[in-house]
Each structure stands twice: as C-alpha cells, then as structure tokens.
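Chain order of the listed sequences is A and B. Okay, so the first sequence: first residue is 1 according to our numbering, each after it adds one. Okay, so the second sequence: first residue is 316 according to our numbering, each after it adds one.
It is possible that part of the hints are untrue.
Label-pair ranges, simulated between beta-carbon atoms [unchecked claim]:
1) 303/A with 446/B: 37 to 43 Å
2) 92/A with 337/B: 47 to 53 Å
3) 25/A with 449/B: 30 to 36 Å
4) 449/B with 274/A: 35 to 41 Å
DMTMM-like, lysine to aspartate or glutamate: derived pairs with alpha carbons at most 25 Å apart [said to hold, decoys possible]:
5) 28/A with 152/A
6) 485/B with 192/A
7) 203/A with 414/B
8) 28/A with 243/A
9) 503/B with 444/B
10) 487/B with 447/B
11) 487/B with 192/A
12) 485/B with 501/B
13) 503/B with 554/B
14) 189/A with 243/A
15) 189/A with 414/B
16) 189/A with 463/B
17) 189/A with 378/B
18) 485/B with 470/B
Everything labelled a hint here was simulated from the structure, so no lab data went into it. Every residue gets a Cβ at the ideal spot worked out from N, C-alpha and C, and that includes glycine.
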Amino acid sequence: MASLRLQALVAVLVAAVLGLTLSLPWLKTPVLLALSNGLAVLGVIVLIRAGQVSFGHAMFACLAGYTVAALGRGWHLDALLLIALGTAGAALAGAVIGVFMVRYRGIFFGMLNLAFSMVLFSVLGKFGGVTGGTDGLRFDRPGFGFVVMEREGFETALLVLALALAVLAGWAVQRYFASVNGQALAAIKTNETRLEYLGISAKRVFWGGYVLSATLCGLGGSLFALTQGLVTPDMGYWVRSGEVVFIAILGGAGHALGAFIGAFVFEFVKLYAAALLTGAWQMALGLVLIVMVFVAPTGIFGLMERRLRGQGVRA
Amino acid sequence: MSSSSAPQGLLSTRGLSLKFGGVVAADAIDFDLMPGERLAVVGQNGAGKTTFINICTGYLQADGGQVFFDGAEVTGQSPRAITRRGVGRSFQLPQVFTEHTVRECLLLAASSVHRRGGGFWRPLAQAVDADEVDATLELLQLHTRAHDLAGALPEGQRKLLDVAMALVLKPKLMIMDEPTSGVSTDEKHGLMAVLMKALDERQVTSIFVEHDIDIVRRYATRLAAWIAGRIAADGAPDEVLRDPVVIKNVIGE
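Generate the whole structure from the sequences, applying the supplied hints.
Structure below.
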C-alpha cells in the first residue's frame with residue numbers, strides 16, 4: 001500500500017480544512033458538523049467491516065449528546081470533560097446493548113438496532129421533565145480546557161480539537177482493522193463457521209467491534225452537542241441513523257478516510273442544495289447517491305484508492 | 316454410563332444417537348479411534364457420516380450418548396471449545412475467508428493459538444508466529460498462492476487451504492469431510508498425497524470421509540463403513556472391503 005501517499009493526502013486535507021475555516025469563519029459550523037458526523041460514520045463503517053448495517057446507531061450519538069447537555073447544564077463541566085463523559089456514556093451503552101446485538105445478523109441486526117433507537121427516541125420525547133421533551137435541552141457554552149472563551153474562540157478551539165480527534169480516530173480504526181480482532185471482524189462477513197472452528201468466538205469479536213462503533217458515534221454526538229449548544233430527540237431519530245449509513249456508502253466503507261470525505265460531501269451538498277432548491281434538498285442528495293451506487297459502488301474513497309495505489313483504472 | 320472412566324481412544328463415542336424426524340442419523344454408535352490411525356469413512360449419502368462428524372465436533376447436539384476426546388468428555392461442547400482441545404476439521408464445502416488472502420487466512424487461524432497479546436492494536440502479521448504460517452503454506456503447497464484471495468482459488472487449492480487453516484492450530488486429530496470431492500479424478504491422488512504427507516509430518520491422527528475406494532485402499536490404515544446411522548463394518552481396509560454387506564450396501568454391485 002502506498003501509505004505515504006495516503007499520509008500526504010490526509011496532511012493536505014487537514015491543512016486545507018484548517019486554512020479555509022480560519023479564513024472563512026462561516027465555514028466553522030458546517031465543518032464541525034461534518035467532522036462530528038464523520039466520527040459517527042466511522043463507527044458505522046466498523047460494523048460494515050463485519051458485513052452488518054445498523055439502522056439505529058444515531059442512538060449512541062444521541063445518548064452522548066444528552067449526557068453532554070445534562071452534565072453541562074447541571075454541573076457546568078469543562079468541554080473536554082463533557083466530551084470524555086459523553087463518549088464514555090455511549091461506550092457503556094454500547095457494551096450493554098451489544099450483548100444482545102451480537103446474536104443477530106443481517107436484517108435482524110439492522111432492525112433490532114432501529115427498535116432500540118426508537119425506544120430511546122420516545123423516552124426522550126415523553127419524559128419532558130428530565131429530557132426537555134421534544135424541545136430538547138439547551139446548555140450554556142462551557143469552558144474549554146479551563147479557559148472561558150467567547151463564541152468565536154470556543155468554536156475555533158472545538159474545531160481544532162475535532163479535527164485532531166478525527167485524524168486520531170481514523171488512524172486508530174485503520175490500525176484496528178489490521179489487527180487480530182479487526183481481521184477476525186472482517187471474517188465474520190465471509191465465514192463465521194470457520195471462525196468458530198478456529199477456536200475464535202465470533203460473538204466476542206463482534207462485541208468488540210460494536211462497542212468501538214458505539215464509542216465513535218458517542219464521540220461524534222458529543223462534539224455535535226457542543227457545536228449546537230442544544231440537543232433534541234431528533235438526534236436519535238431513525239432518519240439520522242439512515243443518514244449515517246447513507247454517508248458511509250457515499251464516502252466509501254473500505255477505509256476510515258471514506259467516512260470523513262463522505263461527511264464533508266454530504267454536509268456541503270446539503271448546504272448548497274438547501275440554498276438552491278429550498279424544500280427539495282433531499283432530492284439532490286438522493287440523486288447523488290443513485291449516481292454513486294451505479295458509478296462507484298465502493299464510494300468516493302474507492303474511486304480515489306486506485307490512484308493512491310498508483311494504478312490506472314482497472315477494467 | 317459414568318463419565319469418570321473416559322475411554323482410552325483419542326476420540327471415542329458411547330451410545331451416540333440422533334434422529335432427524337423419523338430418520339435415524341446416528342444409532343447408538345460406540346466408536347474408538349487410537350492415536351496414529353488414519354481412518355477412512357465410507358458410506359452412501361445419508362448414511363450419517365457427516366452427522367457423526369458434526370456431533371463429534373460440537374456442531375450438532377446428540378439426542379443421547381457421549382463423546383470423549385483425549386481423555387475428557389466433550390459431549391455438548393461448542394465447536395470452539397472442541398477445537399481448542401485439539402480437533403481440527405475441514406469441510407466438504409471448504410470454509411475459508413473468501414475476502415482474505417490465503418496467507419491472511421492462515422495468520423488469522425494461527426492467531427487463535429499463539430497470539431502475542433495486543434489483539435486490538437498490533438497488526439495481525441506481527442501478532443502471530445509467521446514462520447509457522449509460512450511452513451504450513453509450504454507444506455500444503457500453497458506458498459505460490461499466498462497473496463491471492465482465498466475466494467479466487469480453484470477448488471483443489473481451496474480444499475488444501477481448508478485443511479491448512481485447521482492444521483496451523485496444531486491439532487491432535489484432523490477430521491476431513493470428503494477432502495477430494497469436487498476435484499477432478501486426475502487431481503484427487505495428488506491432493507491426497509499432499510494432505511497425507513502433511514499430516515504424517517505433523518504426526519496428526521486423521522479421519523477422512525471418502526467415496527473413492529482406490530484412495531481408501533492407498534491411504535487408510537483402518538476403514539469404517541457407515542450404513543443407516545450405524546458402523547456396519549470396521550477394521551483393516553482390505554477386510555472391510557471384502558465384507559459382503561459392505562460390497563452390497565456401500566460399494567455397490
């Protein structure tokens with residue numbers, strides 16, 4: 001693998017995002033949303049490695065978001081601590097829910113995740129006293145690294161942090177994919193029977209992947225909540241879960257970088273489509289996905305990968 | 316029957332029974348395999364050969380009876396637990412990781428026995444004993460295909476890979492379900508020669524299901540003939556092949 005080219009590409013992309021965002025401040029919010037979305041997509045990509053698609057993973061982003069909002073309101077904790085606690089909350093939920101999920105595959109796995117996420121969605125909407133109901137929870141901008149900042153400084157700091165976390169998480173996930181557990185996870189997709197006959201527990205391997213995916217969704221959700229200063233049950237609505245899967249396919253599920261490329265394309269297509277085709281932006285996104293499925297079933301990253309490897313387009 | 320006195324065989328069964336609806340797939344089978352034997356299993360389709368293997372390796376639960384391996388009762392244990400005790404298995408339809416390369420398949424297999432820690436972080440290739448993997452690739456003549464996808468292999472090599480993945484676990488017993496099925500007649504003997512040489516070199520006791528009587532004669536030290544969920548004849552291959560019941564019901568004519 002031409003990992004040097006890949007590293008160079010990542011460096012160029014990071015520099016471009018930083019440079020553009022710092023010179024055009026209006027970009028901060030969409031870029032932050034793209035990065036937090038990208039982290040959640042990364043979580044879904046982990047499961048796609050095992051050939052499994054979840055239609056409920058927004059629940060982990062949502063759980064993390066509510067953790068951040070509740071602790072931010074109640075205890076006025078620091079943003080860094082809020083991110084850590086929100087992510088840990090999602091990881092814990094993933095560890096518990098994962099125990100049930102690892103028994104299911106295919107459509108049952110996808111639907112069971114959806115069911116869990118809809119339970120969470122209704123609970124958040126119904127118990128208004130605690131969760132703020134459908135209006136959600138608003139919280140004041142916390143300190144960042146024990147420094148109290150104005151909105152602009154806070155957003156810049158959050159952006160740099162999100163970018164660093166995205167690079168770190170992407171690298172760690174690629175590392176995991178190459179590890180013993182990551183390779184066994186990929187083998188769940190092709191042959192669980194053989195895994196068992198090698199003395200490897202497919203369920204335990206899958207559980208590890210599930211917890212990792214929930215953690216990444218939680219990290220994304222925590223950043224999302226801090227970007228908005230508001231969380232609503234919509235964060236965990238099934239349409240959001242579907243969006244995350246959509247972005248994974250758009251960007252390419254074969255590599256961590258695909259998650260972020262997809263998330264950026266999604267965010268900006270949505271932004272411009274909403275401005276140009278008010279009320280019909282979903283149509284633009286739908287068309288983009290249809291074209292992608294026909295032209296590049298391995299996503300945008302799949303298209304780039306051939307060039308990264310220094311090969312021409314193979315027939 | 317008490318499990319306190321385990322039978323002496325490497326693999327033994329006592330009173331193993333299983334019915335599928337009205338069909339008797341295993342009919343109170345008592346069986347002992349001694350270390351060092353090379354047992355061929357013959358029988359018509361539906362005689363219960365694969366069922367017997369599936370029960371012994373934990374894939375199916377018997378209605379009754381016991382399975383012992385290497386001095387311990389393993390009745391009802393999972394395939395994973397039985398594999399960890401030292402039973403390797405290959406399948407009639409090879410069970411390989413089609414989207415991994417041949418070498419990755421073996422690395423992953425090897426990782427289950429000699430992982431050097433760091434299961435989530437260290438690259439697979441560094442987490443296992445690569446020498447062992449490469450030696451096994453060479454032994455089963457798969458080294459030239461090491462970097463091809465397992466799913467792209469022709470059937471004969473896929474069969475070899477299926478055995479290689481079990482062999483790299485260093486099993487005490489290898490059970491092979493029709494290792495030469497789906498392979499042309501010309502290739503069968505070459506395939507068996509490679510497999511048997513590998514098993515000899517690693518000193519692994521083996522069971523193989525086989526329909527080709529020439530191959531049975533040539534490679535087996537013992538032969539068991541299955542008829543309707545029972546072992547109808549069991550002994551030296553030449554004797555079993557002269558048995559009129561076996562000639563009538565198994566070999567045909």
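Q: Take a quick look at whether residue 503/B and residue 444/B sit within 25 Å of each other, Cα to Cα.
A: 31 Å, violated
(Q) Need the status of pair residue 28/A, residue 152/A: alpha-carbon distance at most 25 Å? (A) Roughly 9 Å separates the two Cα atoms, so the pair holds.
Q | Given hint residue 414/B paired with residue 189/A - CA-CA distance at most 25 Å | A | 9 Å, holds
(Q) Holds or violated: the 37 to 43 Å window for the beta-carbon distance between residue 303/A and residue 446/B? (A) Between residue 303/A and residue 446/B, where Cβ atoms are some 39 Å apart, the hint holds.
Q) Would the pair residue 485/B and residue 470/B pass a check requiring their Cα atoms to be no farther apart than 25 Å? A) Holds, at roughly 24 Å.
Q | Cβ distance range 30 to 36 Å for residue 25/A and residue 449/B, holds or violated | A | 57 Å, violated
**Q.** Distance restraint between residue 487/B and residue 192/A, which requires alpha-carbon spacing of 25 Å or less
**A.** 23 Å, holds
Q. Taking only the CA atoms, is the gap from residue 28/A to residue 243/A under or equal to 25 Å?
A. 21 Å, holds
Q) Is the hinted pair residue 503/B and residue 554/B satisfied, with a Cα-Cα distance of at most 25 Å? A) 24 Å, holds
Q: For the pair supplied as a hint, residue 203/A and residue 414/B, confirm whether the alpha-carbon distance does not exceed 25 Å.
A: 20 Å, holds
Q.
Holds or violated: residue 189/A and residue 463/B, Cα atoms, limit 25 Å.
A. OK: residue 189/A and residue 463/B at ~18 Å, within 25 Å.
Q | residue 92/A versus residue 337/B beta-carbon gap, inside 47 to 53 Å or not | A | 51 Å, holds
The earlier numbered hints that this structure contradicts are 3, 4, 9, 12, 17.
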